[in-house]
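Undergrad: Residue strings, one per chain:
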Amino acid sequence: MLLLCFPARRHTAGPASQPPGTDAVLAKRDTQGFIIPSTVKPHKLPRHTDYDSGATEVTRREFIKDGSVAILALASTPLAGTGNAADTNAPVSGTDSATDYKGQSPPVSLGLIGCGPWGRELLKTASVLPNAPVVAVCDTYPAALKRAATLAPEAKQYENYRDLLADPKVEGVIVATPSHLHRDIVLDAIKAGKHVYCEAPLAADIDDARAIAKAAKESIKVNFQAGLQNRADRQVLNLATFIRTGVLGRPIKARQQYHKKQSWRAAAPTPERQKEVNWRLDHAISPGLVGEIGIHQIDLANWFFMLRPTAITGFGSLRQWRDGRTVPDNVVAILEYPGGLFLTYEATLGNSFDAELNLFFGSDCAIMLRDRRAWMFQEIDAPQLGWEINAIKEKFYKATGVVLAAGYSKAMPNQTAKPTEVPQDPKSPLQYALEAFVINSYNHQAAIRDFTSAYDPSDTNALKEYLDEIAKTRVPAPGWAEGYEATVTALKANQAIAGNQRITIEPAVFELG
Amino acid sequence: MTRTTRNLNPNPRFPVGTLTTAAKRLVLWLAAVVVAWSSDSFAAETLRYVSKPGGAKVTIEGTSTVHDWITEGKIIGGAFEVEPSFRTDLTLKTVQSVQGKAPPPNLEVFIPVTSLKSTVLAGREKMDEVMREAMRAAENPRITYKLTSMTVKDPVPESGSPAKFSTKGQLQVAGVTNTIEMDVTMERLDGDRLKFSGTKALKMTDFKIAPPAPRLAMGLIKTGDEVTIRFEWIVGLSTAP
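Listed in order, the protein sequences are those of chains A and B. Take 1 as the starting number for the first sequence in the numbering used here and just add one per residue. Take 1001 as the starting number for the second sequence in the numbering used here and just add one per residue.
Just so you know, these hints were derived from the structure itself, not from any lab. As the structure is a computational prediction, the values presented were derived from the model and not from experiment. Hints may contain errors.
Dumping the calculated SDA-like pairs for lysine to any residue here, alpha-carbon to alpha-carbon at most 20 Å [said to hold, decoys possible]:
#: 1; chain 1: A; residue 1: LYS102; chain 2: B; residue 2: THR1119
#: 2; chain 1: A; residue 1: LYS102; chain 2: B; residue 2: ALA1122
#: 3; chain 1: A; residue 1: LYS169; chain 2: A; residue 2: LYS214
#: 4; chain 1: A; residue 1: LYS472; chain 2: B; residue 2: LEU1121
#: 5; chain 1: A; residue 1: LYS102; chain 2: B; residue 2: LEU1220
#: 6; chain 1: A; residue 1: LYS464; chain 2: B; residue 2: GLU1072
A short, non-exhaustive set of chain A residues, derived as facing chain B with CB atoms under 8 Å [stated by the list, open to error]:
#: 7; residue: TYR455
#: 8; residue: ALA462
#: 9; residue: THR473
#: 10; residue: VAL475
Here a beta-carbon is modelled for each residue, glycine too, at the ideal position from N, C-alpha and C.
Start from the sequences and build out the full structure, keeping to the hints where you can.
TA: In structure tokens, the structure reads:
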């Protein structure tokens, strides 16, 4: 966003007023009034721009036009209520019948299988969407079903997921049961021709995850999405694109943590239900802290670096919650990637300091991602990108971070905005994920319907070709491949932690075979 | 009922083999007329070409206050029915239906509105939503076209490609039907396939579509009334009746 918005901003940005708290590095200004840090090397061009290739002669008019397209394209999900410059500059005409579009597809009716706390979170998120009616809910535990029913009173209630799958009104299902129960449900759902949103990890063991991924891959009719919501989050997607430009320089290492003081134990009225609801605390079926929570973070490293780990060393201990559980509450894993790139992952349920944190270190800068916000900390000898001169910065102890946020520069036509005014993305990652699921499911089923209405429906090869073509226009969302890779990584990490050992990972385990 | 007679002659009044030569001639002549008439009128061997996947393309190009836009689809369904000489007479000189000497071939096609996709890099969903709403896709899920006249425009080369036609037909968009005239080019492809292509400038307002004015992140944009439709449609000879 920042990168692509930059050319347009340059024309609109007025003389910058210095944000409070900027240090001496930001003291100088160029002739146009732009602040320049003393570290700027003259005549050094940005290394990665979209303008490097193609015609060298660009008229100003074309330039602005193209810049607008880039903004239009990337800012298509506007931050609501930010009062951004573009809106206020829009031509005012009483005759224009302007229409607001949300970029939504026609509805896809959903069924929720598994109405625990996370399932109900998904239910709440779906109820925010205009095109995701939840028409059926299913849980084996009556109290959970009842709670879900208060959130979705219209939804039909099922105790057996097979009955839900037999409901013709249900077009897609969200599977939010305990991880070790995913397999049969997802396989049956795919068989029933329902689109599947399967929570991460895909399963509690690799064989089950592979079976799920394979079925999803081989199915023509079904759109499958893994519950790795970060991969659909606009904020993280923008960061991924930014990191892919090579801004890190040579990637050196990554460090991630999840610190939270909480028991991870849920209360239940009977001993049986207690055991059932606390499946995460039983080492026989639980993917552990790294499998249930770490998967979302470790997946980011795989994704940003475009690499798969070759070995994992793990340590786990029970430091805080000695309540009979057999799953560590204090874990460390070191993931080795090809070329000596390391990722250290730490999670604990005993202390909450610094909460959740993702750090990616490269020879040119470090990038920190936390709470969906990101900052870039440049090395003094790093090549200047250009736009960061004008970007908003925040201080972290002795370091200064350049704020990276989608829709951020757009919200600040000049440099007067303070970091506290950075608009929060009104959509949660989960909302982006479910939105993508509904839109992609709709487009998938519409593509099948359109194709088979025009051509011989028995020509499955041609249909597959067409669906592959349509898949290129998918709203970014993790499919079976991403889900499987993340699941394998997380489960291998958990295996290393459980055994306090180093295990090597054969590349073949990432293949479906 | 039981047959009581052994006479196998169905009509004893006109015993077989007793016709005069003149009568025989008359019967033969009548028979010839009947055969000729029936084969011509019932056209039992009408060729039917049906849509084949791969290679179909439809684009709608338009303008706006910001930038030009393109919507693209890869599905055109339908069939083309024509007399057998269409396949063998590559110059089409003896093909009555495209020479204005007989009713035109049967040609009906449709394009599912949901198969049309915006080509913007990102924010495609919003653009597709704009288009679906403009075309009232919920009530009118298809763009349809029915041919009403088709005549060869220029002499067709011996190879049969390209053949150029002047056509007229009924185009229905968003539930509103208009008669449009359009030049259509046909190429013969291998495997008894035909590729029809053409271009037509249209106005949204002719189909009672108000040019969309979506409010987007960058502000209000307004689309132009004029759009250009281009299509490439591939059909193959159907083996089924």
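Undergrad: Output the indices of the hints that this structure fails to meet, ascending.
TA: The structure conflicts with hint 3 only, although it agrees with all the remaining ones.
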